[in-house]
Structure formats: structure tokens, C-alpha cells
Amino acid sequence: MSDVAVVPSSANVAWNPPARGIVGMACLILAEASIFIIFIVAYIYYIGKSLNGPTPKDVLSLPIFTSICLLSSSLTVHAAVSALRRGQQRLCSLWLGATVLLGGIFLAGTAHEWYDLIYNHGLTISTNLFGTTFYSLVGLHASHVVVGLIMLSLALWFSLRGQMHHHHSEKLEVLSLYWHFVDAVWVVVFLVVYVLGR
Amino acid sequence: MATHIPFDQVHAPEEIGDKTQRKLWLEVLHEWVTTVDHKKIGMMYIGYALVFLLVAGVEALLMRIQLAVPNNSFVSPEVFNGLFTMHGTTMVFFVGMPILFGFGNYLIPLMIGARDMAFPRLNAFSFWISAFGGILLYYSYIGGSGLYGAGSAPDVGWFAYAPLTAKVFSPGHSTDYWTLSLLLTGIGTIGTALNIVATIISMRCPGMKMSRLPLLPWLYLVTSGLTFVAVGPLTAAQIMLMLDRYLGSHFFDTQAGGSAVLWMHFFWIFGHPEVYILVLPAFAFANEIIPVFSRKAIFGYPAMVAASVGIGFVSLSVWAHHMFTVGLGAAENTFFVLATMAIAVPTGIKIFNWLATLWGGKIQFTSSMMFAIAFLFQFLIAGLTGIMLSVAPFDWQLGNSYFVVAHFHYVLVGAILFMLFSAFYYWYPKMTGRMLSEKLGKWHFWLFLIGFHLTFDFMHIPGLLGMPRRIYTYEADRGWMIWNMIISSGAVVQAVATLLFVYNMVWSYFKGPEAGPDPWDAWTLEWSTPSPPPSYNFAETPEVSSRRPLWDLKHPDDPDTDYEIGPSHRKRAKEESA
Chain A
51 MSDVAVVPSS ANVAWNPPAR GIVGMACLIL AEASIFIIFI VAYIYYIGKS
101 LNGPTPKDVL SLPIFTSICL LSSSLTVHAA VSALRRGQQR LCSLWLGATV
151 LLGGIFLAGT AHEWYDLIYN HGLTISTNLF GTTFYSLVGL HASHVVVGLI
201 MLSLALWFSL RGQMHHHHSE KLEVLSLYWH FVDAVWVVVF LVVYVLGR
Chain B
22 MATHIPFDQV HAPEEIGDKT QRKLWLEVLH EWVTTVDHKK IGMMYIGYAL
72 VFLLVAGVEA LLMRIQLAVP NNSFVSPEVF NGLFTMHGTT MVFFVGMPIL
122 FGFGNYLIPL MIGARDMAFP RLNAFSFWIS AFGGILLYYS YIGGSGLYGA
172 GSAPDVGWFA YAPLTAKVFS PGHSTDYWTL SLLLTGIGTI GTALNIVATI
222 ISMRCPGMKM SRLPLLPWLY LVTSGLTFVA VGPLTAAQIM LMLDRYLGSH
272 FFDTQAGGSA VLWMHFFWIF GHPEVYILVL PAFAFANEII PVFSRKAIFG
322 YPAMVAASVG IGFVSLSVWA HHMFTVGLGA AENTFFVLAT MAIAVPTGIK
372 IFNWLATLWG GKIQFTSSMM FAIAFLFQFL IAGLTGIMLS VAPFDWQLGN
422 SYFVVAHFHY VLVGAILFML FSAFYYWYPK MTGRMLSEKL GKWHFWLFLI
472 GFHLTFDFMH IPGLLGMPRR IYTYEADRGW MIWNMIISSG AVVQAVATLL
522 FVYNMVWSYF KGPEAGPDPW DAWTLEWSTP SPPPSYNFAE TPEVSSRRPL
572 WDLKHPDDPD TDYEIGPSHR KRAKEESA
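Those protein sequences? They're chains A and B, same order as listed. Using the numbering used here, the first residue of the first sequence is number 51, and each one after it goes up by one. Using the numbering used here, the first residue of the second sequence is number 22, and each one after it goes up by one.
With the rest of the complex left out, here is chain B (with noise of 0.2 Å):
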């Protein structure tokens, strides 16, 4: 079976020559206020959670300022209560969720071959409802106390612990704006994922056999079979606070026999493969950046799909350790601990065989290639304060430390967002046509480097000395002072190093060199199309016989098809021996 790819030359021209009349801006905002085309959805998936990142953003700023000297009082402590619990309902559903989804969308029916997602209104649809449930959030900031007086943020934590949540404890109705914003988006979530897996398993273009599947569409598998049984509980607990909160039912209502402890379980069933739902992306995007800047095919495909699938079901049974502090009891703890070291050794596995094609490659050290290795040594280092904190007893002393904090801000800053920027330089010349700059990508890199480092290293130490997470102020005398300075000042690199990259962004879009179909001289379908692609991806649905169709294509005296293992290669094999 040949590869069958046409290369670029194939769209007509008036596609090209559309571009340059210049269109209403009423007519463009409502080309993309319908629009059902994947590619568009997934740039807004992208573009919302952007400006949510900036949000989200100041106000971690905002609560750093705050916490950087002792007994300060630039934010009162009910202010204070609402950036953490925005900022950490943020970061995870209107950043994380949608920026992951977006790629998503863009890339895999690219990736796979197919001219669109399976069910493109559903897609339309689920962009909309998400991003409805977060204008619904920060609507609270207006509406949040109902007829009682000015609006108020929810005050509650991410994770939104009963009894706090009851009527008596959160009048007014920030905390339903919370609970419905999250309904919401679980439905939009819920909608995308299903969309992804229908995509992947059913639009593939002929000769994708599962076995030649590109892992990022693989890994966006095994996160959207996540996204179902995750979601669905915290779907479930919310569809119950709601209940408890208008109709005077008894879930969580510990005076009527309730329990609060059921509320963490059922946040935390969903919380804990949610951080996988989150980090499997950033994993994805790693299998492709890498083995492109190695100008090596990946290793270990078979063994990396496999502890994909490993992570997604071991992480369905770690979620208690969260809560090793309530007292659970010695079995359920021992299982917990085992549960969640074990998940260390897929995840293992997958950093062993992204240093095997890191090695002996020859390396390209691009602005993305450098996020991408950054991401591989911080992520370690995340795993390994993971491990310290699945250790129970050790649990017990850190628990709701600061060392927490700068455990899971280590994954979701230093391996996923650095994954995202990675993402972000390697795509950004497919999604708009141009290059972004690679000085200012340096700057960005080392920038944002120093300024990670500086907070999330130094926040493990006023963990370890005691600190809880979520106080608004402390006392002089505790010596966290020194601490937390270093942590905030490390916070406002981050901020400018952000800015710089925003700037790069628009500035590249008008002004980046132009990048062509193949920039990076890469090896999957999204690369034979034009950059940006036409609104139908391929003119003609195109035909692979191996997991990097376009090495194939240009290099037809030797192609991958001989080295996989495969009928072909099998059949190879046997004519070699004969």
C-alpha cells in the first residue's frame, strides 16, 4: 500500500485569492460566531482560555502581593478567599480544559486525515456552553450576593468542601454561580470528549490503523475515556449541592446525618484523574515536539500507548489520597499509597522513552525544543514531590502545606504549561501562517525559566516550615518572610515573561516570517496542508501506511513502512529469509 498524500499544490486559487478582500467586521465576527469548522472552534477553545489565563493570572499576582510581606493588608481576607477560589476554578476549567481541548480540535482531525470532527455542531455547541459557564463564574463578581447587596467572587476553594458550601455557611449566590459554571462546562467537556473519541476511532483516513495512529490523537483517547468517568461525578456532586442548596435535600447536610466526607470523595473521584486529564496533553504534545527536534522517530510507540493507558486506569484509584488527613483508616490508606506509587512506573516508562529519543538525536534547541526538555526535568522533579506526598504518615505532616501547593503548581506550571508553550511554538506557524520569533522565544524561555524556578522551587521551603495553604497573612516572627518574598518576586518574571510572549504572538501574526507548509520539516498529516489550512483540511482524503506518513513521502527509497512491525514488515521479513 503506497502513501498517498497530495502535497500543497493542490487548492485552487480563488481559496487564496478570498483571503485578501477584506471583509466587514460584522461579517467576520458572525463567520466565527457559527462557524462549525474545527479549526476555528479549536483557535477559539484556545483564545478564551488565553484571556482566562491572564485573568487568572493577575489574580495569582494579586494574592502574591499579598502574601509577600508579613501582616499586609492589601487585600482583606474575604477578597483573599475569592482569588484563590477563582484562581484555582480558573486555571483548572477555563484554562487547562479549553486551551487542551483547543489543540485538540485544531490538530487531530488534521493528524488523522479527516476533513472535520465527527459531530461538528456538537463541537460548536460544547465550545459555546463552556465558555458560557465562564462568563457565568465571573458574573458573580456582579451577581454574586443576589438582591442582598454587591456582587461577591465564591469563596469556597477549588475543591468547595462541605459543610462550608450549605445555605447557612455561603449565603447569597456565589457558590451556585460556582456549581452551575462547573455543570456547564461539564456538559461542554462531556460534548468535546465524546466528539474527540468518535473522531479518532471513526474519521480515520484509509490505512490509519490504530497501530499507525499518531500519539497525540492516542493520548487525547485516553484522556477524553477519562474526561467521561471523571466528569461525570463531579456532574453528579454538583447536580446533589444544587439540590441540597435549593430543594432542602440532605447529601451533604451532616445536622440531618449527611456526610461531608462523601462531598470529598465525590470531588476528589473526579479531581485526581482530572490533573491526568490535564497533564496526558501536555504528554501528547511532548510525543510529537520531541522526536521532531531529535529528527528521530519516537521510542517505544507500543510501550508509550500502553502506559497511556496504564496511567488513564491507575489514576481512576488514587483519589483518597487527597484526603489521607480526614483519616480513612489504615486499609484504605495502604491502598492508596500503593495505588499511587504505582501510577509512578507508566509515567516512568514514558520519561525513559522520551530520553531514549532524546538520545543520539540530533537536537534542535528551538524556543519549543527547550520547553519541551524544561518540561522533562521539571516534570521528574513534580513526580518525585508526588511520591514524597503519597507517602501517608508524610502526608499527614504536609498536608494543605505549602509543599502541596508547590507540588501541584510544579505539574501544572512546570510540565504543563511549559508543554503549552511548547505546543504554542511548534503549531503557531501551522494555525496562522507565520513564524513566531525566535529571539523573543528565548527571552521567553529563559525568562519564564528563572521566574518558575524561583517561585515554585522556593515555595516547598515555608511548606516544609509549616505554612498552610490558603492563610491571607502571617506573623513576622514565623521566618517565612524571606520565603515568600522570593516566591512573589519569581511571580512577576513569570508575569512579564508572559506579557513578552502575548506580544510575541500578535507582533509574529503580522510581522513573523512566513512558515509554509513544513516548517519543522516534520513527519505527520498536519503538515502536508498549507499553513493555515483551507476550511476542508485535504482536498483529497489522503492514504498512509505508516505512523509518519510524510517521512514516507519524502523519502520514498526508504520508508518507514519496512521498519514497523506490521503484515508488510512481516511479509519483508519472509522474502528476506527466502
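Only chain A is shown next, with the shape it has when bound in the complex (with noise of 0.2 Å):
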């Protein structure tokens, strides 16, 4: 008989069960995603079946500053929370600072061409399908973008009074995850409406 035999198995075996916040916003990832899949499939649907003008072709540019600006910032999120990770509050503030800052320019940039549209080209969400689906499209996209800037900015206002700790890295992944599935989710809107619908 080995030793092994006897020893519990419990004793070898730790009990580590994944950490909720991140399971949780896993789920919180399926739901959205299944939201905004539905609004993808009404584009894709009603693409060229507006009655009248003005068509994505005549009015729409690739807006493509803004999405590297949105792109990168998950790269500095993700900088960030490795940074509170091994401890370095300083740097957490800088990159969480960064993210920010590249949001705020990708929103600013939504609000640029939407201002274009409306007041030079006439497009609002009643002109014709095309308006219909990508305001409300794009719309969805930004307003996810408006809530996870305020949660991000929340981060850096604790961050910058010192207040975020190592201890609360893992609560600073979860919310980055949010801002991944916010960067990804713009890679498909942005092969959608500006790629495919074009």
C-alpha cells in the first residue's frame, strides 16, 4: 500500500470554484450580445430596402481615427489592470487615464458625424430604413460605450485618490471585460455598417 492511498482526497484537491464577478459578467456579455445580434440582423435585413434616400453609399465615410482610437483603449485597459495587479498604482491611473481619453475621442467622433448627417444630409431615424436601423444600431453600440466610460472614469476618480488597491484588481478585470466586449462588439458594427452595408 502506497501512502497515497489514505491521505483524503479533499486534502489534494483545492477548492477553487471560478470568482463570480467574472462568471457573472460573462452572462452579462451572452445577454448583450444576443441584443445586439438582433439589431445586426435588422440591418443586415433592411440594407438597400429604403423607399428613398439618402443611401449608406452617399453619406457614410469610414470613420477609421475614432475605431483605432476605441481599439487601442482596450489595449490600455488591459495595460491597466495588469498594472494594479502587480501593484504599480501610478501607471493603473495613467492607463485607466488613457482609456478614457480614447473613448471620450471615439465618442467624440460618433457625435461628429451624427451632427454631419442630421444637419448636411437630412438623415434622422425617420428618414427612410437605412436611418431606422443605424442610429438605432450604432446608437446601441454608443450608449454601451457612454456606460462603460462613466464606470471606467469612476475607476480613475478612485484610482487618482488612491484608493484602488491590488486587492481590487479583479474588479477592475471584470469591468474591462465589459470594455473588450464593447471594442469587439465595434469591430462587427463597423464591418457591418461601413463594410457590408456600404
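Simulated from the structure, these hints should not be mistaken for laboratory data. Note that the structure is predicted; figures quoted are calculated from it, not measured. Hints are not guaranteed to be accurate.
With a Cα cut of at most 25 Å, we get these calculated DMTMM-like pairs of lysine to aspartate or glutamate [unchecked claim]:
1) K230/B <-> E220/A
2) K230/B <-> E561/B
3) K532/B <-> D542/B
4) K463/B <-> D542/B
5) K221/A <-> D137/B
6) K99/A <-> E353/B
7) K61/B <-> E48/B
8) K107/A <-> E163/A
9) K99/A <-> D166/A
Between beta-carbon pairs, the in silico distance windows are [to be verified]:
10) H216/A <-> S556/B: 31 to 37 Å
11) G269/B <-> R211/A: 42 to 48 Å
12) Q418/B <-> P67/A: 47 to 53 Å
In this text, a Cβ means the ideal position worked out from N, Cα and C, and glycines have one as well.
Both chains come to you apart, so use the hints to assemble them.
Shown next as C-alpha cells:
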């Protein structure tokens, strides 16, 4: 008989179920993804079905700079989480600030685009099916960016006041998951609205 | 690894002494409104659902009185439209969902050895926002017509097909109340589902691997997963409808090139998985109750889990069987016919597993078990008419007839409500500390069974004879009268039985015999706590080593650990062969 046989198995197996915050955020992302899928399906279904102009070809231009800003903010928020995990609070604040700035630039870009569409091209949500689906899909995404920016700004506020510590890194990671999701959705929205739909 | 469950005696006496002190009603109210305890929230969910069950039941009765005889004018057509819309919406969103989430809330942390849900405050938020949704829906009776006049209920049917919901055809605000209340409950539903998943994944007590998780939490896991992918589309569709009604967008506006069929797709992408969201918890109750009253471990645990997950996946690809009459085209029809039929396979596996659990068991015919056995038969019949309707040409003939109404009520009442009653008789002692009266329970069972079969067996016939759903009256020469008379009289019998049940719950709360911690000699962790459990559930975190921890505790000479397939089982087998 070896010694291993008499040791109860619980002594060997550590009981580490997954963190609840991560699981919860994964569930929220699943639910949000299904909302976005419906809006994206509606967008694709109505491509080219508008009865009157303006069409996407006439009025949309590729928002390349703001897209780069938003996508790179995924990298900066990741850098903020790993900085906090290593206990580098000031670095964490820096990266969080960069994330908020990049997200803000994206939002300003969307605002500028909408202003242009509404006042120079006369496209509103009730103009045609393109307006209906464009504003609702891009607007749904933008509202998620706004929510993310509010939460990131809160995190930045706490971080600047020195109230964010190493043991908060899991919470910040949960927030960063949401932000990565918002960025990933933008990739799909970009492809559907500005590439496929144009 | 030994099972370690501190049984019963560890609770401090001051906990019990506390209860005898009478509190001011304001204190009690404050306690319930501000609570984040999963048991209290669970009971509030259940109580709230029971109130709406009575409300929607009265609506059903009013409709049955109207339809009992031809050319009746008991209610006006407008009121009738409001009644079936409110009945359907209430039963699905404000009875079915909250009552099932209520049981889940109450039982899941107890069954997995946790002290609360993963996110207690989110739990309270989800409940209150769902509750507010229900109140908002009924507020439409007062505010539904806005400034134009007296109130009116939503009258667009529970699936609210476009373009009837457009501003032109549904003026006033009744449709908006419907939309907003569904949006709000949708948020609450997703919150609770998220909480349930996080609780089951992250809060299990040591030793409770997923392969040892009781089947009730397992099925709630599947239900919650379905909730995310089903309620999401509903929320999206409601947002689109609101944009259409308020900002003049054209999603479902056929005049501007929009599509009414798109709404049907979006609604049923929610609507069909919703049926499984409601029925899987009923299966979950059956998985716990049938073994205990058969005095046997559940037959085919892994097959049960696999079948539940399978049902979850297949149920996402069957929605258009609600739309055969639209004319989708041969390819789509074929796909949805086959997918719908395929779902009968995992469902059949479940029925056979329950039968195999009963087989050779020492069956105890408690009220709870009798409801569960009726559930088995009725669910089978409901499934069979479901397969009939899944055949597209048959559905072309009977779509939107009373045959369809009979079919889905057979599922919702014959399967889900029967299993809910079973769950009430089974877990009421845990929740209140008192047993429900078995004598009243048997009366309740037989009366409800007779009423149910009078109503819903005979409801198939006017459907076959061509009676469409949602008509508010019919001509005498159609030959539907006798059937409608039988259906309506059955509804009255069901109403009497339900009142008996309510009386039983109230009477037993004060006068019922003391239950003790474990009245059914059951095997899952919730029965190791006192009845009702203290707010912290477990004084010490339990540790389990099999699927039936209390069996191990009661039978240390013959624990389940020796029989369940796993590392210890293999080790033992190796030792025996050596």
C-alpha cells in the first residue's frame, strides 16, 4: 500500500471555483450579445430596402481614426489591469486615463458624424430604413460606450485618489471585460455598417 | 473525503428566541423591503406570482364565462381583447417567470451549501424591478388611454404582432405600458438568471463538483443560459417597437418598407425558448421530488443532465414553427419541422428516466407525488400534440385554432402548474416550518385534475371543428356550444380547487403540524437546515462527497460515494480487483 491511498482526496484537491464577478460579467456579455445580434440582423436584413434616400453610399465615410482609438483603448485598459495586479497604482491611473481619453475621442467622433448626417445630409431615424437601423445600431453601441466610460471614469477617480489597491484588480478586470466586449462589438458594427452595408 | 454536515443542533438559541418577540408591522415591512436574503426574496417572488396567478386566473374565468354560450355579451369585444392579452402576458411574465425564479432563488443556495446568492443586492434589484414591471402593466387599466379618456388594457395579444402595434392602429398608451413593463421585467429576469449562474458556478460548497450538483441547480443553469439568449432578443424587439412608436422609425412599418414578419421572428426567437425556460424548472422539481417519494436515487443522472443541455440547444432552433402559416417556404418549413421533432428525443429520455426512477421504488403517494405523477402523464400528452402541430401541413389546418390553445395550456397547466403544486407541497414545510394539510391536498389534487381534464381535454375538439382562438363569441349553429360549456365548467372546478389550495396554505401556516428539518427523509442539503432555515443557512459550510449528501450522513455504512462513478469509485474498484 502506498501512502497516497490513505490521504483523503479533499486534502489534495484545492476548492477554487471560478470568481463570481467574472462569471457574472460573462453572463451579462452573453445577454448583451444577443441584443446586439438582433439589431445587427435587422440592419443586414434592411440593407438596400429603403424606399427613399439618402443611401449609405451617399453619406457614410469610414471612421478609421476613431475606430483605431476605440480598439487601442482595449490595450490600455488591459495595461491598467495588469499594472494594478503588479501593485503599480500610478501606472494604473495613467492607463485608465488613456482609456477614458481614447473612449472619449471615439464618442466625440460619433457625435460629429451624427451632427453631419442630421444637419448636412438630412438623415434622421425616421427618414428611411437606413436611418432607422443605422441610428439604432450605432446608437445602441454608443450608449454602451457611454456606460463603459462612466464606469471607467469612476475607476479613474478612485485610482487618482489612491483608493484603488492590488486587491481590487479582479473588480477592475471585470470592468475591463465589459470594455473589451464593447470594442469587439464595434468590430462587428464597423464591418456590417461601413463595409458590408456601404 | 468525508461528508461533513453540521445537522440541526448548531444553531444558537437566541436565533429562536428572536422570533418570539413581536415586531411592529412597520419593522416587518421595512425588513422585507430592504432584505437581500435569498430566501426572503424567493418568497416575495412566489407571493407576488401567486397574486398575479389569481388575477390572471380571474381574467381566464371571465373569458370562459363569455365563451360558455354562443352570442354572449357578458363582456364587450374590446374588453375581451384586453382580457386575453393581459391573461397571456401576466401568466408568462408575472406568474411563470417569477414563481420559477422564486423557487430557484430560495432553493439553489440551500442545495449547493451556500449562504446566499452570488450577488445579493442585484438579487433584490432584480426582484423589485420585475415587480414594478407587473404593476406598470396593470396601471394601464387606469392610464392606458393617456389623456384621451379612461384607461384601457393592452389589447394586441400577448405576442403583439406588427403592424397592429403601430401608433395608427393602437393609439393611446396601452401598448406602451405593455412594452415598458416587458422591458423592465426583462432586465430583472436577466439579472436573476445571471445571479443564478454565478451562484451555481462560484458558490458551491467544497466537494460539490458539477458532477455532484443536484439536478435542480443543473436545470436552473440551463434555464438561465436560455434566458440570456431568449430575453435579449425580446428586449431588442421591444426597443425597436418603442422607437417605432415614439421616434417614428420604420422597423415594423410596412408602409416604409419595414417588415411585419421580422417582428414575428424576433418575438418567437424569444417566445419558443421561453417555453423551455418555463418548463425546465418544472423538470427540475420532478427530478428532486420523484426520487424522494420513490425512495430511489434518480435514474440516469448523466443522461438527465445531457438531455437538459440538449433541450436547451435544440430549443433555440425551433422558433419558426409558430410561423408555418406565414408561408416561409419549403426549405425553412422542413428545417423547423425536423428541429421541432428532434426536441422530442431529449424530452423522451427524461420521461423514460423518471419512469425508470419510479420502477421498483417504494412509491409514497403524498399530495406532492400525486401531482408529480399527473405531470408525467399530462406532459406526455402535451408533447404528443406538440409533435402533431410540428407537422407543417397539420399546422396550416389548425394554426391559431383552439387546438393550439389546448396544446400549450396542456404544457403550461398540465405540466408546469401541476409540477409547481407538487413543489409547493414538497418545499412548503421547509419554507414555513409547517406541513400542508394532506387531506386538503388530496381534495385539491383530485378537484384540480378533474377540472383540468374537463377544460383542456375537451378544448382540443372545438379546435378540430374550426374554432379560431381569440374570437369573443360565436354563432349557435357552429356546433361548438356543448364543448365550450364543458370547457367553462371545468374552469370553474379548477378555480374552486385553486381556492382550496390557497386556503390550505393559509390554514397550514398557522395550524399545520410542525415539519421539523427533514419531513420527507430526503437527501439534498436544504433538508439539513432547520425549517425555516436561519438567515445564514448553514452555521458551518458543509462538505459533500456525493450527489446525496444526507443519504451518506444517514447511512454511513453504505454511502453513495461507493457507487457514483468518479475517482473514489475507480480507486475502490482498483482495490477490490487487487
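Q) Which of the listed hints are broken here? A) Hints that this structure does not satisfy do not exist here, as all of them hold.
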